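Enquirer: Residues per chain are reported as follows:
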Amino acid sequence: MIRVEHATRSSRVGVAAIAVALVSLALAPYWGDRQTLRLLAELFTYVALASLWNLLAGYAGLVSVGQQAFVGLGGYLLFALAMLAGVHPIPAIFIAGPIGALVAVPVAALIFRLRGAYFAIGTWVVAEVFRLLASQVSALGGGSGISLPAAVVIAMAPSRQLREFETYWLALGLTVIVLAAIVALLRSRHGLALTAIRDNELAAESNGIDVTRLKYIVYVLTAFGTSVIGALIFLQKLRISPDTAFSVNDWTAFVIFITVIGGIGRIEGPIIGTIIFFVMRQTLADLGSLYLLMMGAVAIVVMLWAPKGLWGFVADRFGWQALPLQRRLVLAPKDDARAA
Amino acid sequence: MTLWLNVILQGVLIGGLYAMFAAGLSLIFGVMRLVNIAHGDLIVLAAYVALMVTQGVGLDPLTSLVLVVPVMAIVGYALQRGLLNRTLGDDLLPPLLVTFGLSIIIQNGLLELFTADSRKLQAGAIEVASLQLSKGIWIGALPLIQFAVAVAVIAALQALFYKTALGRAFRATSDDQSVAQLMGLDTRHVFAMAMALSLAVVAIAGVFLAVRANFDPSIGPARLIFGFEAVIIGGLGSMWGTLVGGVILGVSQAIGAQLDPGWQLLAGHIAFLVILAVRPQGLFPKVSG
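Read top to bottom, the protein sequences are chains A and B.
Numbered by our numbering, the letters in the first sequence go through residues -6 to 333 in order.
Numbered by our numbering, the letters in the second sequence go through residues 45 to 333 in order.
Honestly, the hints are just simulated from the structure, not real lab data.
Fair warning: this is a prediction, and the values are worked out from it, not measured in the lab.
All C-beta atoms in this analysis are idealised placements derived from N, C-alpha and C, irrespective of residue type, glycine included.
Watch out, some of these pointers could steer you wrong.
Unchecked claim - Where chain B lies over chain A, by a calculated footprint (3+ residues, C-beta under 8 Å):
1) 2 to 16
2) 104 to 118
3) 245 to 259
Said to hold, decoys possible - Once the Cα atoms are required to be at most 20 Å apart in a straight line, the calculated DMTMM-like pairs of lysine to aspartate or glutamate come out as:
4) A:LYS208 with A:GLU194
5) A:LYS301 with B:ASP260
6) B:LYS164 with B:ASP230
7) A:LYS301 with B:ASP134
8) B:LYS164 with B:ASP104
9) A:LYS208 with B:ASP134
10) A:LYS208 with B:ASP260
11) A:LYS301 with A:GLU35
12) A:LYS301 with A:ASP279
13) A:LYS230 with A:GLU(-2)
14) A:LYS230 with A:ASP243
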């Protein structure tokens, strides 16, 4: 009898540890102060953004430096829906997803004509176009931006504290959903195809995988997720402007740094990377531009000498996986985790 | 009518500058399939080098090129030998991410050294000199020189590619790296020479950029995008194509700006996207991506 097994001993430990971490994070409003909650919520959004970018670049090989297009689009959709259409902000976040995906369909059709690194710059042009278009919309503040009106904010929850709890749980919940969706995708047959593309695109193609179609699907799905997270980010910020919404530094450079440091092409990478990034930021941010300069240098060093990042190193050295993603064929009836 | 003639003429002339942004990008892509995300920041770096030369040595901006061009060429050679050669290979990610990291380093390094203040190179009387073509149509001397230099740079690159030993080495490595190596070419050196040449062009572009308008450490990425758009419009690997691409981009921006100041950049991007939609290989393609 042949079965496919995903879990290993390390992944069982990993899943248990993640479950414990999730419960304590869900209870954070009871043990953390306002500052901690804000920081954690921001951390969650970066985990989600980096995981989505990782899916796009690490698995599908679509290196985009223009995902800020969808972060900003999501943010502006939230503001447009809440201010112009009178939609409650929380459903507005979820509406931003399908609209983002819908916008991604023609965008992908256009920029998929570019290959490799030129694709990367093409995505950046699209983000620039979005930024310039956003600054033309005077109903949403034009070039100087706009704040979410107090009435909309107050309608979310009766007190400021409750509203902050609400956005915190929303950030945690959405990040968990994004991660769970990515894990589910990677465990499906499309995930096997994606992992094959990650490892060798040509070999994947010759084994009958429709690489272009799969890349297209991943691009649109990533746009869906990124738009939702973008809407969430600007619900946290309560203010939007074209330059912050479509910032290449905030939504792409940091996200790439996180993924590369943590380990590209692995689901655990962005989580580890985000933690490292936030530790660095909390300790070194006073250095201003020197800190960014160091970040660029660290990214170059990692890319050249440890291209699989921190988690890649750990996974290769110890064979660990924190989530059950591996596929192992189990031939005999299962007796022990070592059977394979 | 005269108004639009003027607008189009200004667009054509600025297109020369974009063509110079693009030529360096196109050159290294042609030789080693490398897309340098830090290209725009290197243009800005060249502008700051020119600023130091004009202030330190007291040369006027156009004469400062005698120093800025070799300095940038040496930077390019060292950058390629020391860093970028290590990133080349089948994997797309390393060169992309390393040049992205480099872009962040250059931007923030310049910010640290020169602050975020806008700078400009003063070229003196030549900045306001102009000549009249016909009734109501004037051409600035500086834009005209800039365009003429762009044409000369592209003609020189074209001649270098097809008439010299170095150009033959470039074309050979471009066609097949391993065969070029078997024929005794040191590809690491050939790549470094290509980057040196690319940054020599970047130096010229940087100086003209700095004379024409204000600059600060943050404007690099936009220059990369203009250069990239001109490359794609013109067609990958074609030197004269970059000139046509630059001119199309310049004219679109000029027309957009005339209609509404907010549309200047947008019009350029839209021209690019339209070309990508109807003719994705560009107008005069030479190599495939």
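Enquirer: Where does the structure disagree with the numbered hints, that is, which hint numbers, in rising order?
Expert: 1, 5, 6, 10, 11, 12, 13
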